[in-house]
Amino acid sequence: MKAKSAAAPYAVWMTIFIVVPMVLVVIFAFTDKSGSFTLKNIAEVGQYSNVFLRSIWLGAVATAISLLLGYPLAQIISHISPRRQSVMIMLVMLPMWMNFLLRTYAWMTLLEDNGIINNLLASFGLGRLHLINTQGAVVLGMVYNYIPYMILPIYSVLTKIDSSVVEAAQDLGANRVQVFSKVIFPMSMPGVISGITMVFVPAVSTFIISKMLGGGANLMIGDLIDMQFLGSAYNPNLGSAISLVLMVLILICMGIMHQFDDGENSGGGIMV
Amino acid sequence: MENTPIISLENIAVSFDGEVVLKDFNLSIRNGEFVTLLGASGCGKTTTLRIIGGFVKQDTGDVFFNGKKINDLPPHKREVNTIFQKYALFPHLNVYDNVAFGMRVHGKSESQIKTTVNEMLSMVNLNGFAHRNVNLLSGGQQQRVAIARALANEPKVLLLDEPLGALDLKLRKDMQVELKKIQQQTGITFVFVTHDQEEALSMSDTVVVMDKGEIQQIGTPQDIYNEPRNAFVADFIGESNILDGVMHEDYLVEFARHPFKCVDKGFQANEPVDVVIRPEDIDVVEPDTSHLSGTVTSVNFKGVHYEIIVDVNGFKWMIQSTDYQEVGNRIGLSLQPDDIHIMHKSEYSGMFGDYSTFSDEMDEDSQNGGKEAEIYE
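Chains as they are written, first to last, in the UniProt record's numbering: chain A, 1 to 272; chain B, 1 to 377.
Excised from the complex, chain A in its bound form (with noise of 0.2 Å):
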């Protein structure tokens, strides 16, 4: 009884602030200027299926390189001494710490065609690069924005590894190869699982990153909902349409990786 009334607070509070949005989000894609029910919206969401396309490979491909490039620090981070790990862990957060619009246009000085990168190359006599306004400036601001969130999960669950079942492997045969793909990375999944929910759903429905690094041409699923709520083409009840969509979208590819664990989830993950 206790327990039931002390959750009533946040029973409201994610009501009203959870629910009761995404009802609303429901309402507004099945409903018309007027206010009379609709599937227009959702028909006319079709005709963006290239920007769903781009969105999801963009975020795809940001997420694998970010567990590959996340896995391996994870774990190197996890075998230090402890002290080091705290430091390692504040190192991995730190930017974190600074704006994220900032964060991304320091990239846009750096990437310009005028930029320092393009600078220095000049300067010392190799040719410009054209950098920013690229599907590759892209996925470089959405794996640095996003690549502390891969880390986290998955070191925890790397600390979590009792280092007698590595010795178990090892003493049964295993080599490192083995050892890793056996015992270690199967062990690690909640975190990996929980790494690629936290990079991807940011990372598919980003806006600012497209729109500074990504300019007109590499449009995201995210500037497109922010131009029915807020840009030229205002239309809230087709931007609720997207929204809706996407939500789904996102919600089959995290039910086809959760395919992968297996359902052996034993907590860390987090579910979607």
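For the record, the hints were derived by calculation from the structure and aren't laboratory data.
It cannot be assumed that every hint is accurate.
Stated by the list, open to error - Here are the in silico distance ranges between beta carbons for each label pair:
1) LEU73/B x LEU129/A: 47 to 57 Å
2) ASN127/B x MET247/A: 44 to 54 Å
3) THR60/B x ILE161/A: 30 to 40 Å
4) SER28/B x SER86/A: 45 to 55 Å
5) LYS160/A x GLY67/B: 36 to 46 Å
6) THR60/B x PHE260/A: 42 to 52 Å
7) ALA3/A x SER122/B: 18 to 28 Å
8) ALA3/A x LEU73/B: 52 to 62 Å
We put the CB at the ideal spot given by N, CA and C, even for glycine.
Use these hints to put chain B onto chain A, whose structure you have.
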């Protein structure tokens, strides 16, 4: 008899952070033997096991396996398997896959794996458990999975690191019998680490008593019990009355102010010695018919026998007898020559063997393996 030992450790020394764990350690283990490393925690027994397993690298000295030096061989290439203290089962695999792990790593065929896994599971009485989640098994069942997993690899030597420590008394006794049976069936060399002297005596072919990183005595359980080499061994294995004595000549020793005939020889004339008398060897007689007599100061009922503490001229003896004695009674103690065991003096002389400070609490502690608390704290 002159076979090369399956494992031999020569002049091994290890220290961690400047603290000596093993010093000049020599041990050879014959093929098919059940060897127990016995000692209180911190005596270096687990380190010895980990050196054999390849998890700890000795500072100096050599490890031989079947006559071949394996100092630099990593654990996964050694033909030994370990049963870890906390089992270390793979939590992401079920019972079957845990047992199959070693064979899969070695690239055995799935049909062969299936046969062996089923064979192993029935050996440890876990038929029908193949697809259970290991995290939901009881301690005893997890223990059996760990045994099956190690044996499925067909090791030449099985290393067991206090495998029964976490089990309750009844289960521990059952597993002792079962492990001994498995060892005899498979003929695999077992190196067993424990701090429980009873476990060591009842299971082993050879017991290695260790303290402070050194071997105190190696021998059969009977040797260790009947012929302890020093006061540490005498005290650690069972109960002992340990007295100061002087060896006058062969077969004649003086202690408790009286000369006694004994069966030991080879000491120097008038050499100071430690005399060990096991409590169960002492016969209670009328006080005036014996050289030793004293007052009963306490009596404890232990089920099979009474534990009687007798004050003889200030030294408190322990006697185990099936006959009850009244506290305050004067009784005589009678000893036969073969009840008396003589040991050279050692660094442990005078530390053990007088029951003046004896209490029930300490007795219980030592039953529960809290012996280290008694010695080190």
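Are any of the numbered hints broken by this structure? If so, which, sorted upward? Number 7 only.
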